[in-house]
Amino acid sequence: MPESYVPKEAIGHGDGGTAALAIGEAESLERRPSAAPPSAGPPGAPVGKPRSLWSDAWHDLRRNPVFVLSALVIVFLVVIAIWPQLIATGNPYRADLAKAQQGSQPGHPFGFDTQGRDVYTRVVYGARASITVGVCATTGAALLGSLLGGLAGFFGGWGDTLLSRLADIFFGIPVILGGLVFLSVVTSTTVWPVVGFIVLLGWPQVSRIARGSVVTAKQNDYVQAARALGAGNGRLLLRHIAPNAVAPVIVVATIALGTYIALEATLSYLGAGLKPPTVSWGIDISTASTYIRSAPHMLLWPAGALSITVLAFIMLGDAVRDALDPKLR
Amino acid sequence: MGRYVVRRLLQMIPVFIGSTFLIFFMVYALGDPVAAMFGDRAPDPATAAQIRRDLYLDQPLGKQYLHYMGQIFQGNFGTAFNGQSVTELMASAFPVTLRLTLIAIVLEMLVGITLGVFSGLRRGRGIDTSVLLLSLVVVSVPTFVSGYLLQFVFGVRWAWAAPSVSPEAPLNELLLPGLVLALVSLAYVTRLTRTSIAENVRADYVRTALAKGLPRHRVITRHLLRNSLIPVVTFIGTDIGALMGGAIVTERIFNIHGVGFQLYQGILRQNSPTVVGFVTILVLVFLLANLLVDLLYAVLDPRIRYA
Amino acid sequence: MRVVRARAGALLAAVALAATACGGGSAGQAGVVSASWGDPQNPLEPANTNEVQGGKVLEMLFRGLKRYNPTTGAAENVLAERIETADSQNFTVTLKPGWTFSNGEKVTAKSFVDAWNYGAFIGNRQKNAPFFQYIDGFDRVHPENGKPTARTLSGLVVKDDKTFTVRLNQKFSSWPDTLGYSAFMPLPRAFFSDHDGWLQKPVGNGPYLVDSYEKGSVLRMRKWQKYPGSDPARNGGIDLRVYTDNNTAYTDLQAGNLDLVDDVPAAQLRHVKSDLGGRYINQPAGIIQTLTFPMYRKEWSRPGSDKVRRGLSMAIDRKQITKEIFENTRTPATDWTSPVLGADGGYRAGLCGAACEFDPVKARQLIKEGGGLPGGRMTLAYNADTGSHKDWIDAICNSINRSLGNDRACVGDPVGTFADFRNKISAQAMNGPFRAGWQMDYPLIQNFLQPLYYTNGSANDGKFSDKRFDKLVNEANAATDRAKAVATFQDAEKILAQQMPAIPLWYQNGSGGYSERISHVSLNPFSVPVYNAITVN
Numbered sequence: 000m001p002e003s004y005v006p007k008e009a010i011g012h013g014d015g016g017t018a019a020l021a022i023g024e025a026e027s028l029e030r031r032p033s034a035a036p037p038s039a040g041p042p043g044a045p046v047g048k049p050r051s052l053w054s055d056a057w058h059d060l061r062r063n064p065v066f067v068l069s070a071l072v073i074v075f076l077v078v079i080a081i082w083p084q085l086i087a088t089g090n091p092y093r094a095d096l097a098k099a100q101q102g103s104q105p106g107h108p109f110g111f112d113t114q115g116r117d118v119y120t121r122v123v124y125g126a127r128a129s130i131t132v133g134v135c136a137t138t139g140a141a142l143l144g145s146l147l148g149g150l151a152g153f154f155g156g157w158g159d160t161l162l163s164r165l166a167d168i169f170f171g172i173p174v175i176l177g178g179l180v181f182l183s184v185v186t187s188t189t190v191w192p193v194v195g196f197i198v199l200l201g202w203p204q205v206s207r208i209a210r211g212s213v214v215t216a217k218q219n220d221y222v223q224a225a226r227a228l229g230a231g232n233g234r235l236l237l238r239h240i241a242p243n244a245v246a247p248v249i250v251v252a253t254i255a256l257g258t259y260i261a262l263e264a265t266l267s268y269l270g271a272g273l274k275p276p277t278v279s280w281g282i283d284i285s286t287a288s289t290y291i292r293s294a295p296h297m298l299l300w301p302a303g304a305l306s307i308t309v310l311a312f313i314m315l316g317d318a319v320r321d322a323l324d325p326k327l328r
Numbered sequence: 000m001g002r003y004v005v006r007r008l009l010q011m012i013p014v015f016i017g018s019t020f021l022i023f024f025m026v027y028a029l030g031d032p033v034a035a036m037f038g039d040r041a042p043d044p045a046t047a048a049q050i051r052r053d054l055y056l057d058q059p060l061g062k063q064y065l066h067y068m069g070q071i072f073q074g075n076f077g078t079a080f081n082g083q084s085v086t087e088l089m090a091s092a093f094p095v096t097l098r099l100t101l102i103a104i105v106l107e108m109l110v111g112i113t114l115g116v117f118s119g120l121r122r123g124r125g126i127d128t129s130v131l132l133l134s135l136v137v138v139s140v141p142t143f144v145s146g147y148l149l150q151f152v153f154g155v156r157w158a159w160a161a162p163s164v165s166p167e168a169p170l171n172e173l174l175l176p177g178l179v180l181a182l183v184s185l186a187y188v189t190r191l192t193r194t195s196i197a198e199n200v201r202a203d204y205v206r207t208a209l210a211k212g213l214p215r216h217r218v219i220t221r222h223l224l225r226n227s228l229i230p231v232v233t234f235i236g237t238d239i240g241a242l243m244g245g246a247i248v249t250e251r252i253f254n255i256h257g258v259g260f261q262l263y264q265g266i267l268r269q270n271s272p273t274v275v276g277f278v279t280i281l282v283l284v285f286l287l288a289n290l291l292v293d294l295l296y297a298v299l300d301p302r303i304r305y306a
Numbered sequence: 000m001r002v003v004r005a006r007a008g009a010l011l012a013a014v015a016l017a018a019t020a021c022g023g024g025s026a027g028q029a030g031v032v033s034a035s036w037g038d039p040q041n042p043l044e045p046a047n048t049n050e051v052q053g054g055k056v057l058e059m060l061f062r063g064l065k066r067y068n069p070t071t072g073a074a075e076n077v078l079a080e081r082i083e084t085a086d087s088q089n090f091t092v093t094l095k096p097g098w099t100f101s102n103g104e105k106v107t108a109k110s111f112v113d114a115w116n117y118g119a120f121i122g123n124r125q126k127n128a129p130f131f132q133y134i135d136g137f138d139r140v141h142p143e144n145g146k147p148t149a150r151t152l153s154g155l156v157v158k159d160d161k162t163f164t165v166r167l168n169q170k171f172s173s174w175p176d177t178l179g180y181s182a183f184m185p186l187p188r189a190f191f192s193d194h195d196g197w198l199q200k201p202v203g204n205g206p207y208l209v210d211s212y213e214k215g216s217v218l219r220m221r222k223w224q225k226y227p228g229s230d231p232a233r234n235g236g237i238d239l240r241v242y243t244d245n246n247t248a249y250t251d252l253q254a255g256n257l258d259l260v261d262d263v264p265a266a267q268l269r270h271v272k273s274d275l276g277g278r279y280i281n282q283p284a285g286i287i288q289t290l291t292f293p294m295y296r297k298e299w300s301r302p303g304s305d306k307v308r309r310g311l312s313m314a315i316d317r318k319q320i321t322k323e324i325f326e327n328t329r330t331p332a333t334d335w336t337s338p339v340l341g342a343d344g345g346y347r348a349g350l351c352g353a354a355c356e357f358d359p360v361k362a363r364q365l366i367k368e369g370g371g372l373p374g375g376r377m378t379l380a381y382n383a384d385t386g387s388h389k390d391w392i393d394a395i396c397n398s399i400n401r402s403l404g405n406d407r408a409c410v411g412d413p414v415g416t417f418a419d420f421r422n423k424i425s426a427q428a429m430n431g432p433f434r435a436g437w438q439m440d441y442p443l444i445q446n447f448l449q450p451l452y453y454t455n456g457s458a459n460d461g462k463f464s465d466k467r468f469d470k471l472v473n474e475a476n477a478a479t480d481r482a483k484a485v486a487t488f489q490d491a492e493k494i495l496a497q498q499m500p501a502i503p504l505w506y507q508n509g510s511g512g513y514s515e516r517i518s519h520v521s522l523n524p525f526s527v528p529v530y531n532a533i534t535v536n
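Keeping their order, the protein sequence lines are chains A, B and C. Using numbering that gives the first Met the number 0, the first residue of the first sequence is number 0, and each one after it goes up by one. Using numbering that gives the first Met the number 0, the first residue of the second sequence is number 0, and each one after it goes up by one. Using numbering that gives the first Met the number 0, the first residue of the third sequence is number 0, and each one after it goes up by one.
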């Protein structure tokens, strides 16, 4: 990575090289600063202290039906993850091999898996491990990645170099090799080693994306202007750069949530993921995948549950991103 | 610019040493590979000891590593357990995987960016929703499922394409595997493009350009797209590596003997020359890809300049 | 959007092009059969090949003193005119005349003796070296520690071009019947003079010769027109194609892209009959699956634990698992050998008795009497990387859990790689029973018992040791009468039924499928296709 980014326009000399710029960049001079002036607040906002971008966003979100709906779905999923017995009275381990791969029947709406276990009960009970892995790993990777990537992009220099090269090496480690090594030394049967491993594997990608966004965002004139006005690094990053750089991170994180839950399946399949008797969508999806021709229902239901989860988080992420975007006001 | 590139290339040396050692250590940590060579039979101790001696496995880790590096500097990447030299394996595997990756990346860029632009321009409308649902399916159905499914449908039911790829792996046979490989990344590229486009489409410069009377498609391709591509380009840069080394599932399903296949074999058989050799080349590929991405930043956004 | 549209057009054109180029794939040249194959783990040297994939090639490329009849499994003379002994310890081997290698070189007594000496010598680190351990002088060419003191086996003496003698270091009446194993094949001079060249393109004396070998992707074998044996190839050749996933091979077979698959994946078994109709093979093979107990752990070998082991065996519903999980491609086991031996060879159905029959009530009672499961719970270890072991391991655990009325009594314990799994076994680090599959080397009851349960046997992974068992095996090996030997081996086997050091699960069948292009397809008792008998329609 570059040791130093030198903007063509020296700070405070906005017209320095404008002539040479492409139209887009020249026009972006007119972009509105992210810190919205008080008058830009939505109508009906309490008059008085100017609200920050973040509280503005929260105010918007509460009125956004997409946000409310997806938040409700997520709350529902979390409740199910904590108390699965609320909607499933069966036992996810009870196996009756005589019913192996049978389809839907009264009392067993989703049918049975290869071991003759009730698919509905397993889908409900699988929520706990899958959502824990998905949400925790995504949060971890997103926080770690955007923190490191953001700082690297903002400050540049040797820290950036070091971080980027470190990320290169991490990218190089094959998932399988890493998984086998990391998880063969861990004997815990909880989900945390798996979460830790996915964070370790996932942060470089987020950090790359975050770094790229910050590198672009800090070129913006309002940032240069704020700097010229004497804003500190912390203020610059939090107030001016973060809101403009956060969108790609949210996009990547919400999709990654789904792929991380699937990654847990791959790891479990390799014998390096969640240890039995843990129930998870990932484990069930990977078992079902080879039986796709003879018993597609085994795949359909856990994959459907995974889809709904990912959908809820993608919608939520979209809503949050919109709320944070000053240009959409 | 030139100096910057040279400096970046020089950084490859420490990364090379660091990653070889890390991977070497990880394979070492997996344990002794010799027992597995004897199948379900307990290894004959004398034969096993002789094999360990021949492979330098009876030495401490540090010595093994130095011996290995010494060999590399003489251009010798060692041999796999079936007697093939690793250089030979790399010569046959990398071109195949390179072609596969190329197809996947091209698909990602063409399909992903196109869909992203359309759904970004028509936010909340029918096309946007359908694209979202499509990406959901792609994200929640694992590659091995979509792979087997497409293989069965295209290869057996409709007989449009051979279900497996022949050893020569020509480009046309790699189209279907390339699509399967690209699927999940497609979701990322589409969503990233969509978000960027949606964010920038209301920017004043777009309005100005349109007001100036520029044709709409010119505004979209020259101004809007160019300004929206940085996150997408960054993602694709990180994805090149993931595609090349992570194509294990796809290569397995379509019987492609590429990098993913060799790596998987090497890891399962705990053959450090194979694994270290392949991963080292992969890390160098990431370094080059990321250098390219960083240089592209400056092309896409001329305010970014390297010294 | 003109640019984008043009590109999309180009892409469509490319897809269409690919479709026409690959449509209706036919399976290769006239008279040549394409068959699925796995990449062999070792170079194709006969004494270094200890797994089935390399074994397939050697079966086509070589003929030895004896060969196991592809249908009955009986050891029959091929290159041997006769193998004579007076004392079960000194043997005289006489060769049939007229055999050559495919490069024209004559097969002589020296071709065998040189090959065996090569295989046994420690410096050549051949993995099948222990197969020569009964020959006198093995400890000098292959010492346990230190340097070898000889390069050749003193027990092997060449008398003339067609005769050599073998002196064993112990009595072993059925030793000649072991000689069909691939480690005992003869080798031409070229193997020693140009080793690398030979490995690139191996030369043997079997019905096929190697046309070309692209390592890791395809091995092309062609009919050797001048093959002197009685079982020449009935097809023009075999192309062995490397597949990494047997599902892909199966799909290729369905698409008409491949002629022969010798391993139908478990997940396809439910619809294999509707896919292939009569072109599906499912026949017994010399493979038995067991759950082996770590007898080196106190909790599994303390007095009374034999009741727990027998009880666990009775808690497994073999019939239901072989039906639901394996679609009857496995047969519930009732002894520790295999049906392919035949009753004369030592297979006896029901030898295990009640201990191998599903009886949950009796099982619970026995386990309780024996002091219960150690710590109240157990794990079943298996390797996750090869084969789909997870499904049946889970099914066994579920069966045990149901029998014991405890959801958490038994769980599967996946180990990432086969290498790690073997290392844990060698290091005696297993905490509970673990999966073990035994594929016979030669169809003798000795091969199912001695390596696996004799004190310090080469595959005795559970470290079972019983003086009476060892004594009976020694007696059986020394017996010159075949029927008496088999009966003594079965007496030894009855000790296994009492002690249950390993739970016999099921006999594995060989399964395969083939295209409409070929016929006369069968599998031999080693579950390897009988390639030379296949005809192309």
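The reader is advised that the hints may include incorrect statements.
Said to hold, decoys possible - In silico lysine-lysine, DSSO-like type, Cα no more than 30 Å apart, as pairs:
no. : chain 1 : residue 1 : chain 2 : residue 2
1   : C       : K146      : B       : K62
2   : C       : K297      : C       : K146
3   : A       : K98       : C       : K109
4   : C       : K318      : A       : K98
In case anyone wonders, no lab produced these hints; they're calculated from the structure.
Can you name, in rising order, the numbers of the hints this structure does not satisfy?
Of the numbered hints given earlier, those the structure breaks are 2, 3, listed in rising order.
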